[in-house]
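Asks: With the hints as constraints, model all of the structure from the sequences given.
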Amino acid sequence: MKRILDPLDERILAELSVNARAAHAELAAKVNLSRNAVRQRIERLERDGAIQGYTIRVGEGRGADTRINALIFVYRYDRMRGAEVLQALRAMPEIVQCEVLSGEFDVLVRVSAATAERVHRVWNDIAALPGVENTVTSFVLSSVS
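Residue numbers (the UniProt record's numbering): 1 to 145.
Accuracy of the hints is not assured; some may be wrong.
Here are the in silico distance ranges between beta carbons for each label pair [said to hold, decoys possible]:
1) L71 with A128: 15 to 21 Å
2) A25 with D125: 21 to 27 Å
3) T115 with Q40: 27 to 33 Å
4) P7 with E46: 18 to 24 Å
5) A91 with A37: 24 to 30 Å
6) R35 with P7: 17 to 23 Å
These aren't lab readings, by the way, just hints derived from the structure by calculation.
Everything numeric in this text was worked out from a predicted model, so none of it was measured.
Ideal Cβ positions, reconstructed from N, Cα and C, are used throughout, including at glycine.
Replies: This is how it looks when you write it as structure tokens:
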């Protein structure tokens, strides 16, 4: 049974949208709850499907179009042995898609973040990975689907 989110749930989701790795104690201070109450709410939000895979899924009518999406094309130094790059990409919560390609680029990464600044930080993290030779980034202007 899906529950309607109350204002405290919305505040927790908003804080997690900014920093999905925020500690329960940090969230508790920001939303004026105990650490245990925040943990219980997060567990319930996970069970109810509001939090899926540590990515906030904002429903229709509540800011669903506010995410910034970008495509990052990655060149690896050694495209056949660059598994450590792929492993590092899997650990980044803003990466919602990662595809190994044939042709000019080695890897296509789709990033979804709350702000353009966060996309820029993800790009910096990717560009700094050992094994990454170069990147090309494009922001998504619109989706046709």
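Asks: Looking back at the hints listed earlier, which ones does the structure fail to meet?
Replies: none
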